[in-house]
Structures are given as structure tokens and as C-alpha cells.
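Assemble the whole structure, with the sequences as input and the hints as a guide.
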Amino acid sequence: MSFPRLCVVLLGLAWVTVTACGSSSRVPPAEHASVGSEDALLSPGDIFEVRVYGEKELSGEYRVGPDGNIEYPFIGSVAVGGMPPGAVSQRIATLLREGDYLKTPQVMVFVKEYASKRISVTGAVGKDGTFPMESGLTVVQAISLAGGFTPLASQNSVVVTRRVGGQLKRYRVRAEDISEGRAEDFVLQAGDIIYVPERLF
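Residue numbers (the numbering used here): 1297 to 1497.
Check the hints yourself; a few may be wrong.
Stated by the list, open to error - 20 Å max Cα-Cα, derived SDA-like pairs, lysine to any residue:
no., residue 1, residue 2
1, Lys1408, Phe1497
2, Lys1399, Thr1418
3, Lys1465, Thr1418
Said to hold, decoys possible - Okay, the calculated beta carbon distance ranges per label pair:
no., residue 1, residue 2, range
4, Gln1402, Ser1440, 42 to 50 Å
5, Asp1363, Leu1496, 18 to 26 Å
6, Lys1423, Phe1370, 38 to 46 Å
Just so you know, the hints here were simulated from the structure itself, not pulled from any lab data.
Since this is a predicted model, take the numbers as computed values, not measurements.
Glycine included, every Cβ here is placed at the ideal spot set by N, Cα and C.
Here it is as C-alpha cells:
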């Protein structure tokens, strides 16, 4: 093969590779990677864990009450509703320090379940339904909560509908490729609707 012809072939292969890679990612990186900041705000019914370094009696799980508060050891009622986890950890640390319970408290908060926020799964799954939004919940995990795929499910044509800035956006998610390690999973946000269509014959 001559050198000019070889160059044309290589350039053609490079163009095909770039085009294929570009079309395979249909999800904006920021939305694919993490739960949105709005979803991180705690609301009544949400469950989170508090860990205070070196203080077992001050660590534990808490459910946000109807009034947006929790009852915390020594401190008493703490308002956490409408706050992100990071702000809650800072508030608890400040109250422990100001109450002379600990000099330099190291507090971390981990959301276990966004019970006040839910996602929906419909279509070719074992059981349609709505489920509590958990931190880091992915499409594959949500489908498992709904009983998994039916035999007729088109697993690489899953559609996630999400409201972004007042407008509905739809993302195609290749769940089969994700399950088999060929693609990265899609992280959900509260209010997302996952639809699994059936295969067309």
C-alpha cells in the first residue's frame, strides 16, 4: 500500500473512532457524575448518619422530623430541614463546640435515604413503582429495585426523563452495556422517571 493511501486510510479510521466515541456519550458529564445540589437539601423523612470522630455516643442515624428538626445528644433539637449535609455537619460541630462538649469536633454527615424525594421506574420491569431517592442511586440500581428487566426489555434503550431548569430532558441509557462493564452507570436525581421499552421485533 502506498504512503498517501495509507495516510487516507488511517485518517478515515481516526474519524470513525472519534465519531463513534462522540455519539456514545449522551449524558452531560456533570449530570452523569453526581446528584444535583438541589437534591442534597434535607427534608422531613430523610435519613442521615452523623459520625463524630472518636465519639461513639455522638454518632448514629437520624430521621428528619416533620418540623425539619432532629433530636441530638446533649444539644437537643437541631434544625436541619432545607440544609445540605455539609452545612448540617458544620452546625452540629459548632453546637458541640459552643456547648463545651468537644473542643475540636470532627463531624461528618452521610445521607442514607432521601425519603422525601423519589424516582419512578416504568415499562418492561418486574414491577412499576416509585422508590425513595438514595444518595448516589443509579439507573441499574433503580431497575433492580423495580424487580429487574422483563424478558422483552430493550435494555440498551432505557430512557431517563429529567426536569432541568423548568424543561424536560431525556437521556438514553445503555443499561445492558453498563451491567456488562462496557459503560459507566448513570446517577439519578430526585424526580427522575426511568422508562424501559420493550424490544421491537
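Hints, verified against the model:
no.	hint	in the structure
1	Lys1408 x Phe1497	violated (41 Å)
2	Lys1399 x Thr1418	violated (51 Å)
3	Lys1465 x Thr1418	holds (17 Å)
4	Gln1402 x Ser1440: 42 to 50 Å	violated (35 Å)
5	Asp1363 x Leu1496: 18 to 26 Å	violated (51 Å)
6	Lys1423 x Phe1370: 38 to 46 Å	holds (44 Å)
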